[in-house]
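Participant: Sequence:
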Amino acid sequence: MKALLVALYVAHGCWVLPRHLTLRSRHAITGLRRHAGGWQLWSEAQGWQAVQLRPDSLALPALIVLRFRRPGQWFTRGLCIAADSMDPQLHRRLRVRLKFSRRRWAAAG
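In this note's numbering, the protein residues as written are 1 to 109.
What the hints contain is simulated information worked out from the structure, not anything from laboratory work. Values in this document were obtained by computation on a predicted structure and should not be read as measured data. Even glycine gets a Cβ: it sits at the ideal position worked out from N, Cα and C. Please note that a few of the clues may not be correct.
What the hints assert, rightly or not - Ranges of calculated distance between the beta carbons of each label pair, as one might list FRET restraints:
(1) 44 <-> 67: 21 to 29 Å
(2) 69 <-> 16: 13 to 21 Å
(3) 100 <-> 5: 18 to 26 Å
(4) 6 <-> 72: 14 to 22 Å
Please model the entire structure based on the sequences and the hints provided.
Facilitator: Here's what the structure looks like:
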């Protein structure tokens with residue numbers, strides 16, 4: 001039983017690391033944009049996809065934690081954006097937009 005659990009943890013790690021930490025998978029989310037229709041996330045495999053930001057998203061000076069749901073899916077996902085991952089001015093603008101956007105929780109249209 002222990003060997004099976006260890007094998008499952010290793011398999012899960014092999015799936016998560018390239019997609020969420022090292023961003024080397026085609027499915028890794030590497031872009032975010034806002035337009036008139038709402039928020040969208042970019043991955044090489046799926047292109048731009050509309051998402052709905054969740055109210056438990058968090059915008060701090062050092063870190064932005066985006067919680068989002070894709071249309072048609074029940075579960076939410078998270079995305080961390082560290083302050084040193086982008087230009088400081090752009091990071092600040094994103095934080096301000098997330099905090100003060102009137103329709104940030106609206107469903108993607």
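Participant: Would you say the C-beta atoms of residue 44 and residue 67 sit inside 21 to 29 Å of each other?
Facilitator: holds (22 Å)
Participant: Just tell me: holds or violated, for the beta carbon distance of residue 69 and residue 16 against 13 to 21 Å?
Facilitator: holds (19 Å)
Participant: Does the Cβ distance between residue 6 and residue 72 fall inside 14 to 22 Å?
Facilitator: Violated - the Cβ-Cβ distance for residue 6 and residue 72, about 34 Å, lies outside 14 to 22 Å.
Participant: So does residue 100 sit 18 to 26 Å from residue 5, Cβ to Cβ?
Facilitator: violated (45 Å)
Violated hints, in rising order: 3, 4; the structure is consistent with all others.
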